[in-house]
Every structure is written in structure tokens, then in C-alpha cells.
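Participant: Given next are the chains, with one letter for each unit.
There are 2 protein chains.
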Amino acid sequence: MENSKVNIGLFGFGTVGEGLYNILKTDSKYCFRNICVKNENKKRSVDISNILSTRSRIINNSNINLIVELIDDCVVSYEIVKSSLLKGKNVVSANKKMIAYNLKEIINLQKDNGGTLLYEASSCGSIPIIKCLEESYGTSIESISGIFNGSSNYILSKLFSEDIDYEYALNLAQERGFAESNPLSDVGGFDSLYKLVIISYHAFGVIANPDDICVFGISNIRIDDVKFAKKHGCKIKLIASSRIIDNKICMSVFPKLIPSSNDLYSVENEYNAVLIDGKYFDNHYLSGKGAGAKPTSAAVISDIVSISKGYRYSNCKIDESLKLSNDFILRIYLRFNCIKDIAAFNFVDTIEIFNGSATNYIIGDIYISDLLLLKKIIEDNDLFIMSLEDVNL
Amino acid sequence: MENSKVNIGLFGFGTVGEGLYNILKTDSKYCFRNICVKNENKKRSVDISNILSTRSRIINNSNINLIVELIDDCVVSYEIVKSSLLKGKNVVSANKKMIAYNLKEIINLQKDNGGTLLYEASSCGSIPIIKCLEESYGTSIESISGIFNGSSNYILSKLFSEDIDYEYALNLAQERGFAESNPLSDVGGFDSLYKLVIISYHAFGVIANPDDICVFGISNIRIDDVKFAKKHGCKIKLIASSRIIDNKICMSVFPKLIPSSNDLYSVENEYNAVLIDGKYFDNHYLSGKGAGAKPTSAAVISDIVSISKGYRYSNCKIDESLKLSNDFILRIYLRFNCIKDIAAFNFVDTIEIFNGSATNYIIGDIYISDLLLLKKIIEDNDLFIMSLEDVNL
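Read top to bottom, the protein sequences are chains B and F.
Take the first sequence: its position 183, counted from the start at 1, is 183 in the numbering used here, and no numbers get skipped.
Take the second sequence: its position 137, counted from the start at 1, is 137 in the numbering used here, and no numbers get skipped.
It should be emphasised that the hints constitute simulated quantities derived from the structure, not laboratory data.
Incorrect hints may appear among the rest.
Claimed, not checked - Simulated crosslink set (SDA-like; lysine to any residue; CA at most 20 Å straight-line): (1) K309/B with K111/F; (2) K340/F with I363/F; (3) K294/F with D277/B; (4) K309/B with I318/F; (5) K104/B with Y78/B; (6) K317/F with I23/B; (7) K29/B with G205/F; (8) K317/F with L24/B; (9) K279/B with V305/F; (10) K317/B with L24/F; (11) K309/F with Y311/B; (12) K309/F with S140/B; (13) K248/F with C316/F; (14) K29/B with D73/F; (15) K231/B with A358/B; (16) K317/B with I107/B; (17) K5/B with S314/F; (18) K104/F with V75/F; (19) K279/F with T15/B; (20) K29/B with S260/F; (21) K317/B with S308/F; (22) K29/B with K279/F; (23) K25/B with K294/B; (24) K111/B with G310/F; (25) K38/F with D73/F; (26) K317/B with Y311/F; (27) K317/B with S4/F; (28) K294/F with Y78/B; (29) K279/B with D27/F; (30) K38/B with T26/B; (31) K248/F with K323/F; (32) K309/B with G310/F; (33) K227/F with G205/F.
Stated by the list, open to error - Ranges between beta-carbon positions, derived for each pair: (34) K5/F with K38/B: 47 to 55 Å; (35) D382/B with K227/F: 49 to 57 Å; (36) V348/B with K43/F: 50 to 58 Å; (37) G88/F with K38/B: 49 to 57 Å; (38) K43/F with F160/B: 54 to 62 Å; (39) I48/B with K279/F: 17 to 25 Å; (40) S260/F with D382/B: 32 to 40 Å.
Don't be surprised by glycine CBs; every beta carbon is placed ideally from N, CA and C.
Start from the sequences and build out the full structure, keeping to the hints where you can.
Facilitator: The structure is reproduced here in C-alpha cells:
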């Protein structure tokens, strides 16, 4: 559809959808043919016409040559994207959970039916990480990691810059619009996880099931943990990471102790950042805003422009022989309440046990596969776990 | 030539050419059909066959489907790239000066003859800045700036971390292989200038003549200037910058006072970094190694992989109505020896004049167009100039 008019069918008119609409409505190259919303009668700050709540009428409208899908519901998002791709339509989506769980199918749907799906806005807000990985690195990447969630990074920033507790910091994030009213996906690490699955596919060609990956979030963090980090001149950041070790891929999301020498140490508030390590270029660092309506709209617009130029992901790195493995030993800090909390932890090596009047912690080496089985114990007993990989205490 | 063998005609076998050869020689997808060197009989650490010194035999060889041009000489580079593109061949080049001075012609040569030219390695070493700008930003960029030269950044880093003078720091850079035996292009700001012209084309569509742009380098810097910066909690970095102001584009290369709050403050040694500001995404930051054989080879390889997938720059941003203007006022620091040195400087406003026993400087506002005319006076009288834009002293 190069040079011709882009007739958009837009699903979802939340902050991102509305932001997008406001930016593109004055550009004659774009026309919002139909906008599909859950509630047709809801009062809106923008006066939009062509509202429809029947999805199929938009997808089946042959005058619409681009579907832009910006809704939260993962199941509905899947249905919209699938039926659009089945009709060979071009689609832009920002739904990271839907994409992470359905990568293989959406690749095949594009291959079989000719449509294109782009989803830059799904990962790290406005940072053009997916196109970067698609176009610039070949097979030379060895690891990719970073701060992929703006909401939890905002909370962690506040914990380190102000003398407040987690609950208060979460409230601040919600007031500023950086965290959802149900913050579980952000602070539980799942939002980072979905982005990690998508980014790792474009970096390594791996198709990983999000459910197989070890994920710990920040919701159990206490001031004692912040104090521990500060004492060692470090900050705590929620880090998503993939690295190739012995032809296997190790993927995880962990709170991690970050020393001041690390580029990620100074990434604050709603910013995201990505570190890429590779054979020849050593290391690259990218950062930018990872949360908020405008940065997300910017990424959606970049996809709309690309798709109208005929751009598509090559999907040429796909490597089904590259398998996820959790058989790796990780050094962790585990803050606990009483000794029975850690009875089930099968440490390969114990470095330090601290029992204080206010806080207790253990530092030790443990298999990630073991941690995966201990997730419920950690959550139920209000334990806080963080990775000490890459830091010498 | 997707999926088929890439038959390479390689021009130049210096550190980058040799690095590239060593990386790709074991990959059966690539074949170095011919390697063109200046001196066929020179002793080399690598045993290469198929050496030729007749350029036309390589370019005219119909079995060669990719020309990789990695030579220093700008005129020869132009001849190779032009005759290859005239034959509709695909070309990868790293010669920033040649590209900066011939942008319009090489765009037209591709359009008229069907070949593709990629040149990611020309700008900021391994950072994939050109592909990023091509694929991810549309027309939303407002300014782009950064540290584009690893050699001069290495020298500046040493001046700030060790108590040494410019000559000694330059020697260190040369010993480490980060500066050429003739360092003028690096320390004079010209290397940054050529990269700025290329990057600005891909950011804004502007085609600027390098000779029209105001460029000052770091070769006149003295310990007094370093002390001045340190006193204000700042570092000095060589900054290339383009920004849109009132539908014109202001482009320049200046040493610049950088406060610690700026992302560029912590970019050290051979690293390069790019800051991109835009309407919707606010700001992005990218960094990576900008000098050395391996990072440059990595960028060349990324281009070879892209070109074999059919990738080409869209050249769709081209905007000949966007004109370079030097009619902008800049606040500068100018260190001088005696008052007659600055007699010709037509300051719009003078903020501060300092006359000390060891050093004299003036801080004032001046038109960039006036500075352009004063370049010879500044160089001949050993004056040091730096931009104080964006810093409050």
C-alpha cells in the first residue's frame, strides 16, 4: 500500500488509541474508517464518529487496509489479530502478552496468508528495539538484558531516592499514570517477561513459552532490602535477561543488585533500557521512555509508517533447536522472616547467612530450576529474592 | 540474492577488511571472489589468494554480486562505488567522507540503476544508527546529537581522568590504535562532521554540504580549559549536532561543556553515543563502541546480511526544501592569549571576560555564521572555543 491512503480500523480507544488518533487525524494520508470500542455510549474527551462495536464488520470491511489493535484484553486481542491475519490484512498490535503466548502461530498466519503484523509498541515503549534486532545484528548476539518495565522502575527509583515504602511508591506510580489499578503484571514481572519473550525471539530466533521462565517481581521488597543495596553502593532494578550458554538459552526476570558501574544503574523513573552484548560489537546500550501514552503512540505510529512502506519482520532467525534451560546456578540474596521459610531451599552453596533484629537474609547459589518450584513459598511467605549475578559483594 | 551465495569483491585489506575476512571466511554463504589491494606484494598476516590490483576487473566480474569497499582514499572510494552502482551492483561502504560529499549522487545512482548501497559502518562504529533512523522514527525527530568520534573522545577522557596534556593524550590514543598517524580528521572534528551529514540525512532528509557547516575540533585544548570545565562540574566532549529550528536546520560540530546530568557526560574512551529528541517519544539514547576494527567489521557484516536479504534505505525522507542555516546565536567559551586575538569577534552579547595570570577567556553570544568566518584566526592563534549551549554556569 505504498503511497496510497492508509484506511485504519482501530480497536481500542484508551490513552494510546486516543493519543494515536489525535496525532494522525490531521494527516491526510491516514483515515480512521472505523473505531471499535467496548462501550459505544461512553462519554469521551474526543469527538469521534464511525464508532462500531461489532468487530467482524471492521475486519471484513474491504476498504480497511490496516488493523490497529490497542486493547488490553489478551483473548480478544488474539481473536482480532488472528481473524485479521487470516484475511491477509496488515495489523499493528501492542499487546505483549498476546504476542508472547502466540508467537509461533502469528508467524505462521503471516506466512500462510500474506498479511504483516508489526508490534514495536509491545516492547520497551518507544525504544525501537525490535526493528533494531531485526535489521542490525544478524546472529552475533550473545546476551540481551535490561529494564523493560517503566512502572516497576518508577517504583524502585522512588524507593531509592525517597525514604518511603513499597505501598507508598506504588501509589505514587498509580497517581502519575505509570501503573495500572491492578499492578500485578508490572510489579510481578510479567510485563517484563512478555517483552523478554518477544525481544529474545527477534534477537535469537527462540520461541519460548512464558510459563517456562522463572519470574520474580518487586512486590515483596522492603526498606531493609533497599538498605542492603545502598550499603553495597548498589541499586535494585527489575532485570529481564536472556543469554546463550552452551547452545542453550537462559531466560529470566529477577530483581537484581546493580552496581554504579553498570549502565542500568542510572536508568530512573519510567525509562526503559536495553543492553545488548555480542561477539563483534562488544556491547550496545539503548534507552528511552518505556511507559506513558505518547511514547507508546510513537512506537505504534512508527509501525504504521513502516507497514505502509511494505516493511515486515523477516522471521529468518527462527531457531526451534534453541531450547530454554533453567539448569543454571544463580547467586541470590533471599530475605526471610524465620528459618523455616528457607527450609525448602536447596542451596548448592551458602555464602552468608545474616540474622538481625530487623531483617534476616541468606546469600547463596541455587539452580534456577529449583527456584521455579519455590515460587509459591516465596510469595506466600513474603520473602524477597534478588539476583546477585555480575556483582561482587 | 536472498538465500543464494554472496560472492564478494572486497576493496581494501586494512584492519577492518582483514577483520571482516577472518569472520566471514569460514561461513559457506560467503565467498571472497577477489580482494583488491593497493600493493599486491605487501606481506600480510593472513594468507589470501585471489588478490587483484585492477579495480575494473572486479567491478566488471559478473560472478561478483556484492562490492565491499573499505579503503581510506575518498577519491578512489568514490570511483569504485560510482562504477559499481552504475553497473547496478550492490555495494557496502564505510567511507564517511565519500558518502557525506556525494549523498545526492549516490541516491540517484541507486534509483537509476537498481543497485543498493548500505553504509552503516560509516557512522558511529557499531551503533546501528542509520537503520534505526530509517525504520523507526518517521518524521517525528526534532534534534539529533552526540559523540560521533571515538578517537577524540578517548583523548578527552584521558585529559579528564589523568593529569596529562593534549599531546600526551593523543600519543596514548595512537598507541592504542584509536587515532590515525595523521589525526586531523578525528581531532579536527571532520570525522564527526561527515557522520553528522550522513545521520542528518537519514533523520531529516536534509542533504547538506559538509563545507557549509561550522566545525571546531579539540586540538587547541589546554589543561586550563579542562580546569575550567572541572570547576563547573562538567566535562568537555566533542559534540556533533543537528536540530530543526523554525523550519531550518542548524548543524555544527563543537567541543561542548557537558554537565553531569547529561547522558553524554559518562560516555568515555572509544565509545560513541547518540541522543535523539522527538515530538512523541521525548528522547532516546544509544551508545556503543565507535572505534576499532571489530566494531566496524560488525557494522559491515550487518550491512552484508541486510543487503543479502534485499534490504535498502528507502530514501523517502529526502527534503530538498530543508535548508541549513548558520544564522543562530550560540553562547561560547573562547580561551585566548591576548586581547587582540578576539578583536575580530563580533559578540552579540558579552557575559564574562576573565584575564588571569595563566589563562584568559571570554564568555559571550555570537552568530555561528560569524564563527565560520573566524575559523582561520582561531586556528592560527591557538584559541580554544567551546559551546556552552544547554549549560547554566
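Participant: Hint by hint, which ones does the structure fall short of?
Facilitator: 14, 20, 28, 30 and 33
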